[in-house]
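Engineer: Put chain B on the given structure of chain A with help from the hints.
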Amino acid sequence: MTDLERLASNPQGVPLDYAPSIESTSILRLRDEYDLFIGGRFVPAAGGQRFVTLNPATEESIAAVAEAGAADIDAAVRAARSVLPKWAALPGATRGKFLFRIARLLQERSREFAVLETLDGGKPIRESRDVDVPLAAAHFFYYAGWADKLPYAVPGREIAPVGVCGQIIPWNFPLLMLAWKIAPALACGNTVVLKPAETTPLSALLFAELAQESGLPAGVVNIVTGAGAAGAALVDHPDVDKIAFTGSTEVGRHIGAAVAGSGKRLTLELGGKAANIVFEDAALDQAVEGIVDAIWFNQGHVCCAGSRLLVQEPVAATVIDKLRRRLATLRVGDPLDKNTDLGAINSQAQLDKIRELYAAGIDEGAEPYQPPCDLPARGYWFAPTVFTNVAQSHRIAREEIFGPVLSVLTFRTPDEAVAKANNTPYGLSAGVWTEKGSKILWMAERLRAGVVWANTFNRFDPGSPFGGYQESGFGREGGAAGLLPYLEAS
Amino acid sequence: MNTAVTIPAWDDARAEGISVSPVDAVMLEARAAALGGRSIKQATKRAALELAISCMDLTTLEGIDTPGKVHALCAKALHPDPDDPTTPSVAAVCVYPELVAVAASALRGSGVKVASVAGAFPSGLAPLESRLDEIARAVDAGADEIDIVLNRSAFLAGDYGRAVDEIAASKRACGPAHLKTILETGELGSYDQIRRASVLAMAAGSDFIKTSTGKIGVAATLPTALCMSEAIREFHGQTGRAVGLKVAGGVRTAKQAWQYLVIVHETLGPAWLHPDRFRIGASSALNDVLMQRARLRSGRYADPDDFSQD
Numbered sequence: 000m001t002d003l004e005r006l007a008s009n010p011q012g013v014p015l016d017y018a019p020s021i022e023s024t025s026i027l028r029l030r031d032e033y034d035l036f037i038g039g040r041f042v043p044a045a046g047g048q049r050f051v052t053l054n055p056a057t058e059e060s061i062a063a064v065a066e067a068g069a070a071d072i073d074a075a076v077r078a079a080r081s082v083l084p085k086w087a088a089l090p091g092a093t094r095g096k097f098l099f100r101i102a103r104l105l106q107e108r109s110r111e112f113a114v115l116e117t118l119d120g121g122k123p124i125r126e127s128r129d130v131d132v133p134l135a136a137a138h139f140f141y142y143a144g145w146a147d148k149l150p151y152a153v154p155g156r157e158i159a160p161v162g163v164c165g166q167i168i169p170w171n172f173p174l175l176m177l178a179w180k181i182a183p184a185l186a187c188g189n190t191v192v193l194k195p196a197e198t199t200p201l202s203a204l205l206f207a208e209l210a211q212e213s214g215l216p217a218g219v220v221n222i223v224t225g226a227g228a229a230g231a232a233l234v235d236h237p238d239v240d241k242i243a244f245t246g247s248t249e250v251g252r253h254i255g256a257a258v259a260g261s262g263k264r265l266t267l268e269l270g271g272k273a274a275n276i277v278f279e280d281a282a283l284d285q286a287v288e289g290i291v292d293a294i295w296f297n298q299g300h301v302c303c304a305g306s307r308l309l310v311q312e313p314v315a316a317t318v319i320d321k322l323r324r325r326l327a328t329l330r331v332g333d334p335l336d337k338n339t340d341l342g343a344i345n346s347q348a349q350l351d352k353i354r355e356l357y358a359a360g361i362d363e364g365a366e367p368y369q370p371p372c373d374l375p376a377r378g379y380w381f382a383p384t385v386f387t388n389v390a391q392s393h394r395i396a397r398e399e400i401f402g403p404v405l406s407v408l409t410f411r412t413p414d415e416a417v418a419k420a421n422n423t424p425y426g427l428s429a430g431v432w433t434e435k436g437s438k439i440l441w442m443a444e445r446l447r448a449g450v451v452w453a454n455t456f457n458r459f460d461p462g463s464p465f466g467g468y469q470e471s472g473f474g475r476e477g478g479a480a481g482l483l484p485y486l487e488a489s
Numbered sequence: 000m001n002t003a004v005t006i007p008a009w010d011d012a013r014a015e016g017i018s019v020s021p022v023d024a025v026m027l028e029a030r031a032a033a034l035g036g037r038s039i040k041q042a043t044k045r046a047a048l049e050l051a052i053s054c055m056d057l058t059t060l061e062g063i064d065t066p067g068k069v070h071a072l073c074a075k076a077l078h079p080d081p082d083d084p085t086t087p088s089v090a091a092v093c094v095y096p097e098l099v100a101v102a103a104s105a106l107r108g109s110g111v112k113v114a115s116v117a118g119a120f121p122s123g124l125a126p127l128e129s130r131l132d133e134i135a136r137a138v139d140a141g142a143d144e145i146d147i148v149l150n151r152s153a154f155l156a157g158d159y160g161r162a163v164d165e166i167a168a169s170k171r172a173c174g175p176a177h178l179k180t181i182l183e184t185g186e187l188g189s190y191d192q193i194r195r196a197s198v199l200a201m202a203a204g205s206d207f208i209k210t211s212t213g214k215i216g217v218a219a220t221l222p223t224a225l226c227m228s229e230a231i232r233e234f235h236g237q238t239g240r241a242v243g244l245k246v247a248g249g250v251r252t253a254k255q256a257w258q259y260l261v262i263v264h265e266t267l268g269p270a271w272l273h274p275d276r277f278r279i280g281a282s283s284a285l286n287d288v289l290m291q292r293a294r295l296r297s298g299r300y301a302d303p304d305d306f307s308q309d
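Respectively, the protein sequence lines represent chains A and B.
Residue numbers for the first sequence follow numbering that gives the first Met the number 0, so the first one is 0 and each next one is one higher.
Residue numbers for the second sequence follow numbering that gives the first Met the number 0, so the first one is 0 and each next one is one higher.
Looking at chain B on its own, in the form it has when it is part of the complex:
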């Protein structure tokens, strides 16, 4: 089906030596479990928790989001733990396009980025023109980063060329903003497809590839993150381009956060332990990270109400 039409972009990518490797599910999951079992103690834990905060995209993506809610989230993003001024800010606040302006004014000059989902999130099935228009409007309103979704309809139909072209067009629509492409791995059906989607999204120019929208049952998992990390590593080897990884959905605890850090560290190396190349999209995980951090500092567990619920 996908061979019926010649798609220049994807053929160009293949001509440049970009290839998709198969994935063995059993060994992938075994390796992810082994990495998830790394024992993280004291000093390492402290560094990992700092890093997790610095790499966090604090997210609210609900129909009931209001300017007030986004204001609260931005305050949290800037000073996650007002009791401890050494706490780093998070990497970004992630909202719907309509609320980008609110976040942009709240975060101006802080270094915390404004991220916006766009492109008919979470299905991606609006006409391409309106998706591109939505991206451009979000960037105009002040978004530094745009999170779009892969066109799974085209991808699962085997129309890889179209899937790639749409991402490439989205990247152009972003202008100076960074593009994160959500693969929605829980809908792709196999690690082979996740790896293929990762390579397509990278070849199309994504700055980040991202696991999930958070809107379906299956979100980020350790093997998925490992699978995507291996794709990033190979793509980097083939093209020299360093693409970032964002895990999102289902990350609720500090332990999960550092398990992902371990996977990225041992697969992609320390150069990826940086908010330019690694993000955790979450809302509830931040307070757990803050609690763990406070425990390391004070030696006791804090009351959950010691931290703001935003």
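Next comes chain A alone, as it looks inside the complex:
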């Protein structure tokens, strides 16, 4: 029997099963223990404590990382303070030269960063390789360019750096958030103490090695690892001039209260419950891709995720049908597999939270759909989920799930879409899908969100400011606007 005959006798066609294509971790030189990076040197925590960081895809321990206490935070702030005058006095072009060098080093070591980010955080290698690391490098390139052009950002005014910046970043995009924080701060002549999240500290520590390699003056960048207590110590430190925080609205509120009256400057980039609005005249096949990008990018661990799908009623059934079909091709599993679309949930705590809200959705009468998929036995996993029959009052339509769970609601008119989209305590992002340009502009004018994407979603560029309304925070990162939180203008 020839192959053709075999094929011809099989009208079902041939399933193309992708053999595993695993990115090697041999490029990494992992250590058992990691120290703090203070004043240009790696030092153990004064108290000697360490915490373990896990691979969320396997629950295996990767390394023990120093847990910074108040004394370590103090040492880091002092290191940042002492080098501040020298760093701030450098010509902008010289600071730019360091940033360019960091950007190039990030590109040169991009595979190493991508593999580490995936190992420590659980995100698919495809995303860390194609999105996180290239965008992080792009941010350094972008702000390197601004370093000697700062007067043009605030024309006609005297400018100066803010000073020592305490920066606290989340676990969903560890290296990228580091870049968003450090690049503009350094370009403007500030020095920083940065605390990565306790579940994903490793890429920041690898970045510390890169900072050393780049010849950046000691103390300009300090990396202190630890959990909430370390963050609180940084926020409360009296010699910090500015706090920049990206994370949950709950923690952001605490930080806001702690900083109030202290004279410290503050920017917050918090949660979201973005509406992704699909009109009946949209290019529906591409809108479905956009829905996938909006909610299943990075397992839905995205503050600007399009977690509420608002679809116009005449096409609701069609869109849900197309979406279910597309879900069946979403590949869930080993984050290091180059064909994986959806990786591991970042931590047990986050998995618990997703499960709780998933159960709440069912209790409230929404209808869940999950495609058939085999989740690995070990590690933290949650199948991609679409809830239909969701009402505006349901918890899954109001609360940030921060996981791969989409809530689908319908609308009849553009006014209703705007009203539903804006009916949220958040206001970070929104998406509009229509082939009619005037409708895009009409919607963008009315949507209360820091970013409105038209016929796309979750696209980022260093030149484009990012930030929120209301409980999604304040201040902008990216673009010329991203310089302002790091400059004193008089």
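It cannot be assumed that every hint is accurate.
[Claimed, not checked] Below are the SDA-like pairs computed for lysine to any residue, each with C-alpha atoms no more than 20 Å apart in a straight line:
id	chain 1	residue 1	chain 2	residue 2
1	B	K44	A	R330
2	A	K435	B	K40
3	B	K40	A	I158
4	A	K148	A	I158
5	B	K40	A	V258
6	A	K337	B	R45
7	B	K44	A	Y17
8	B	K254	A	A18
9	A	K438	B	K254
10	B	K68	B	V25
11	B	K44	A	L15
Please keep in mind that the hints were generated in silico from the structure rather than gathered at the bench.
Structural biologist: The following block gives chain B in isolation, referenced to the frame of chain A:
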């Protein structure tokens, strides 16, 4: 312009619920690039290469084609790699109508189909009667499959009714032969138009829709194949009719071949991974596929001269 005359066939199609969806170019290209980046390893690669050979229309469409050339191509089609008897035959040999008889006698009884371009290929701008006559003659000479071109002149003038009617007439002229309609996507100007042309050609009764003639600079691309696959999927949902996809022109490497397979697989599903529903029109890609296949078998790259150049 197209509303000046009522065209029953196309109106009937619309009345049956067949519709044309808009296409967003940015997201389409992003999705095609993501699918093109799928990493294909060992066992999957072996299966994909077999499938690519089984779905190949080995093609020669030159003014200098001779019976000798077509004989050589048919021999290659039957036994692409004589050193490896497990190599499948290709799906079809695609020639000009004048050479159909040569191919038909060489391939008789083998299961390899004879495909013929017809209908004033590649412009399609001969009088309809002579185009239909050319199709009928090619079928009489032994063609199992007929590849015609969309009347882009009518289509781009907005005369969709005429474009549909001509394809429907061509389908009738084919009789038992299968009809593949070439959209010549490189001349249509936008993905919206490619999607529209796909739907028109399917509604008119084409068994396959095909990207390109191979006679202009822009041939098959991954986004074009994705755009047409999405049109096929929607048409299948609306009518229950499964129409095949043929990518042609510019496919030169094994890697390109399996990128198209991935797009078809993830858009239309495994039921389309079959020569009845998917074809790759190519000439030079076959040897690259054979080389990749030999490498998987032996672990080393073969000399290009280990394979016949036909």
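Engineer: All hints, please: hold or fail.
Structural biologist: Going through the hints against the structure:
| no. | hint | in the structure |
| --- | --- | --- |
| 1 | B/K44 - A/R330 | 18 Å, holds |
| 2 | A/K435 - B/K40 | 42 Å, violated |
| 3 | B/K40 - A/I158 | 56 Å, violated |
| 4 | A/K148 - A/I158 | 11 Å, holds |
| 5 | B/K40 - A/V258 | 54 Å, violated |
| 6 | A/K337 - B/R45 | 18 Å, holds |
| 7 | B/K44 - A/Y17 | 9 Å, holds |
| 8 | B/K254 - A/A18 | 16 Å, holds |
| 9 | A/K438 - B/K254 | 41 Å, violated |
| 10 | B/K68 - B/V25 | 43 Å, violated |
| 11 | B/K44 - A/L15 | 9 Å, holds |
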